[in-house]
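The listed protein sequences correspond, in order, to chains A and B.
Mapping to the UniProt record's numbering: the first sequence position 206 is 206, numbers consecutive.
Mapping to the UniProt record's numbering: the second sequence position 51 is 51, numbers consecutive.
If you are wondering where the hints come from, they were derived from the structure by calculation, not from laboratory data.
Hints should not be assumed to be uniformly reliable.
[Said to hold, decoys possible] If you anchor each label on the Cβ, the simulated ranges turn out as follows: (1) Ser151/B - Lys134/A: 18 to 24 Å; (2) Asn81/B - Glu146/A: 43 to 49 Å; (3) Pro33/B - His120/A: 24 to 30 Å; (4) Glu146/B - Phe192/A: 17 to 23 Å; (5) Gln100/A - Leu52/B: 50 to 56 Å; (6) Leu148/A - Pro149/B: 46 to 52 Å; (7) Asn81/B - Gln100/A: 38 to 44 Å; (8) Glu108/B - His120/A: 46 to 52 Å; (9) Glu144/B - Asn81/A: 46 to 52 Å; (10) Asp263/A - Glu108/B: 39 to 45 Å; (11) Glu108/B - Asp206/A: 51 to 57 Å; (12) Ser151/B - Asn238/A: 31 to 37 Å; (13) Gly249/A - Glu146/B: 30 to 36 Å.
Keep in mind it's a predicted model, so treat the numbers as computed, not measured.
C-beta atoms are modelled at their ideal positions from N, C-alpha and C, and glycine is treated no differently.
Protein chains: 2
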Amino acid sequence: MKIELASSYGFCFGVKRAIRIAEEHKGSKTYGPLIHNKDEINRLKEGFNIGLAESLNDIDADDSVVIRTHGIPKHELAVLNKQNNKVIDATCPYVTTPQQIVEKMSEEGYSIVIFGDKNHPEIKGVVSYAVNPKDAFIVLESDELEDLPLSSKVALVSQTTRKPEDFLKIVNALILTRKEVRVFNTICNATFENQDAAAELAKRADVMIVIGGKHSSNTKQLHSICKRDCEDSYLIENEEELDPSWFEGKKLCGISAGASTPDWVVQNVINKIESMKK
Amino acid sequence: MKIELASSYGFCFGVKRAIRIAEEHKGSKTYGPLIHNKDEINRLKEGFNIGLAESLNDIDADDSVVIRTHGIPKHELAVLNKQNNKVIDATCPYVTTPQQIVEKMSEEGYSIVIFGDKNHPEIKGVVSYAVNPKDAFIVLESDELEDLPLSSKVALVSQTTRKPEDFLKIVNALILTRKEVRVFNTICNATFENQDAAAELAKRADVMIVIGGKHSSNTKQLHSICKRDCEDSYLIENEEELDPSWFEGKKLCGISAGASTPDWVVQNVINKIESMKK
Numbered sequence: 001m002k003i004e005l006a007s008s009y010g011f012c013f014g015v016k017r018a019i020r021i022a023e024e025h026k027g028s029k030t031y032g033p034l035i036h037n038k039d040e041i042n043r044l045k046e047g048f049n050i051g052l053a054e055s056l057n058d059i060d061a062d063d064s065v066v067i068r069t070h071g072i073p074k075h076e077l078a079v080l081n082k083q084n085n086k087v088i089d090a091t092c093p094y095v096t097t098p099q100q101i102v103e104k105m106s107e108e109g110y111s112i113v114i115f116g117d118k119n120h121p122e123i124k125g126v127v128s129y130a131v132n133p134k135d136a137f138i139v140l141e142s143d144e145l146e147d148l149p150l151s152s153k154v155a156l157v158s159q160t161t162r163k164p165e166d167f168l169k170i171v172n173a174l175i176l177t178r179k180e181v182r183v184f185n186t187i188c189n190a191t192f193e194n195q196d197a198a199a200e201l202a203k204r205a206d207v208m209i210v211i212g213g214k215h216s217s218n219t220k221q222l223h224s225i226c227k228r229d230c231e232d233s234y235l236i237e238n239e240e241e242l243d244p245s246w247f248e249g250k251k252l253c254g255i256s257a258g259a260s261t262p263d264w265v266v267q268n269v270i271n272k273i274e275s276m277k278k
Numbered sequence: 001m002k003i004e005l006a007s008s009y010g011f012c013f014g015v016k017r018a019i020r021i022a023e024e025h026k027g028s029k030t031y032g033p034l035i036h037n038k039d040e041i042n043r044l045k046e047g048f049n050i051g052l053a054e055s056l057n058d059i060d061a062d063d064s065v066v067i068r069t070h071g072i073p074k075h076e077l078a079v080l081n082k083q084n085n086k087v088i089d090a091t092c093p094y095v096t097t098p099q100q101i102v103e104k105m106s107e108e109g110y111s112i113v114i115f116g117d118k119n120h121p122e123i124k125g126v127v128s129y130a131v132n133p134k135d136a137f138i139v140l141e142s143d144e145l146e147d148l149p150l151s152s153k154v155a156l157v158s159q160t161t162r163k164p165e166d167f168l169k170i171v172n173a174l175i176l177t178r179k180e181v182r183v184f185n186t187i188c189n190a191t192f193e194n195q196d197a198a199a200e201l202a203k204r205a206d207v208m209i210v211i212g213g214k215h216s217s218n219t220k221q222l223h224s225i226c227k228r229d230c231e232d233s234y235l236i237e238n239e240e241e242l243d244p245s246w247f248e249g250k251k252l253c254g255i256s257a258g259a260s261t262p263d264w265v266v267q268n269v270i271n272k273i274e275s276m277k278k
């Protein structure tokens, strides 16, 4: 039996980069968890002495602070700088972009519309860059636009993890009612890359292993996508759940992993499957 | 029987303005017909000595030239200026806007996409304002975008008379594939104002008279819209086609007119209906 990894799986570019940055700064603290995976947080703690600050109160004056992929609000960054903390910026470049756009467009007098969840850390960071907070609005549905005091010139950005088709609904509602809408497509397609790669592999594989949290929505989605083309698709959290009977008589075993699954967990699964073949 | 005019009918703002400008410049020539209505062209000829130049060759060095609502290409304007013609600009302000946008966005390095008909005089004028003609494209369908060498920053304008829902198809196709799309909604809603006003009136009237060319698509559309709510809706070109039997026992006669129908034709129809009531 051949084992093949999906061409895209697991951590996205930004998370991989943030973990590498943290590893390069032993003894620092991350402001908020770098990733929703306790095993990976523990690995960074044990191997690199990376601490975790849940709030600004947990950060002491001499701490080196890693900003995670989501970024942080401008005023919190100002607090860290004022405290003379060493700030290590691991904000995903795909998140830095909408922050910079909001700042620039706001300076140029555009009303700002942000398509996203106002409670999400990424969005709290992005909106903080508007120079005129009263002229920046966060919406999730197009009907929320109706009552907003927007000017005739609007700049629009999206939370990086939103679906393009939902973004277009906001775009369309704005365009029919405003003179100029400056649309910045800041959606990151990492989520869809993993899904597309898993679907492609599932079409060829006769057994698929999807690795990730049983309660992770993106992992469950990967699993259901694989099921469509490969009935023998299994969702597991780690190698201990593997069952040798799954691989009997199979020719191609495909592997995919959710966005919070570290590579070493994936590697452990592959090693265990290899050993079962013997 | 009461007679009521639709709240919006006939010539749009830009055409009314262009005719007023022509009347204020007796003895001038229009470059291209001001409107697709021979009676109105004749009235301007007889009452104000307004001539008609079908091409630049018909324009002599000492002519005063009225630019019609569609505007003209930049290089033709340069020819008129070089010949020392007196140029009287009756370009509709709603058309001047996309011309200026294309010039400015093109100077700022945006690829230009114009949603419209490349053979329409308005579009020939608008596209001529791109400082880099190789980076300006005219499309009518979203699939035409696929093969265009557009940069990651695109500015989009529309022919003023296009339908908003068709414009959105172009917008949506661009947004999913470009970093920034600067959308300028340059659609003029005059056409829809006449339609909305006719529909509203047809709901209350028990006979509707729609005045306009039998082959004019916008007049035929007005007629069919009226028919939906008022079965006794008639399309006529002038007062001579009126039939007294249409008004027998009616309480409210609604009137609308196509975009190329002069007000004096409408007034002649109203006068004739008034006389029939007696």
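Here is what the structure says about each hint:
Remark: the range hint 18 to 24 Å for Ser151/B to Lys134/A is contradicted by a beta-carbon distance near 34 Å. Here the CB-CB span from Asn81/B to Glu146/A is close to 47 Å, well matched to the stated 43 to 49 Å. Between Pro33/B and His120/A the C-beta distance comes to about 58 Å, which lies outside the given range of 24 to 30 Å. Evaluation of the 17 to 23 Å hint for Glu146/B and Phe192/A yields a pass: the beta carbon distance comes to about 20 Å.
Here the CB-CB span from Gln100/A to Leu52/B is close to 54 Å, well matched to the stated 50 to 56 Å. Against the hinted window of 46 to 52 Å, the Cβ-Cβ separation of Leu148/A and Pro149/B comes to about 37 Å, which falls outside the hint. Checking the proposed 38 to 44 Å range against Asn81/B and Gln100/A shows it holds: the Cβ atoms sit about 43 Å from each other. Between Glu108/B and His120/A the beta carbon distance is about 33 Å. The supplied range of 46 to 52 Å is therefore violated.
For Glu144/B paired with Asn81/A, a C-beta distance near 50 Å keeps the hint of 46 to 52 Å intact. As the Cβ distance of Asp263/A to Glu108/B is approximately 43 Å, the hint placing it in 39 to 45 Å holds. At about 54 Å, the beta-carbon gap between Glu108/B and Asp206/A stays in the expected band of 51 to 57 Å. A beta carbon spacing of about 46 Å between Ser151/B and Asn238/A contradicts the range 31 to 37 Å that was offered as a hint.
Distance hint check: the CB atoms of Gly249/A and Glu146/B are about 44 Å apart, inconsistent with the given range 30 to 36 Å.
Violated hints, in rising order: 1, 3, 6, 8, 12 and 13; the structure is consistent with all others.
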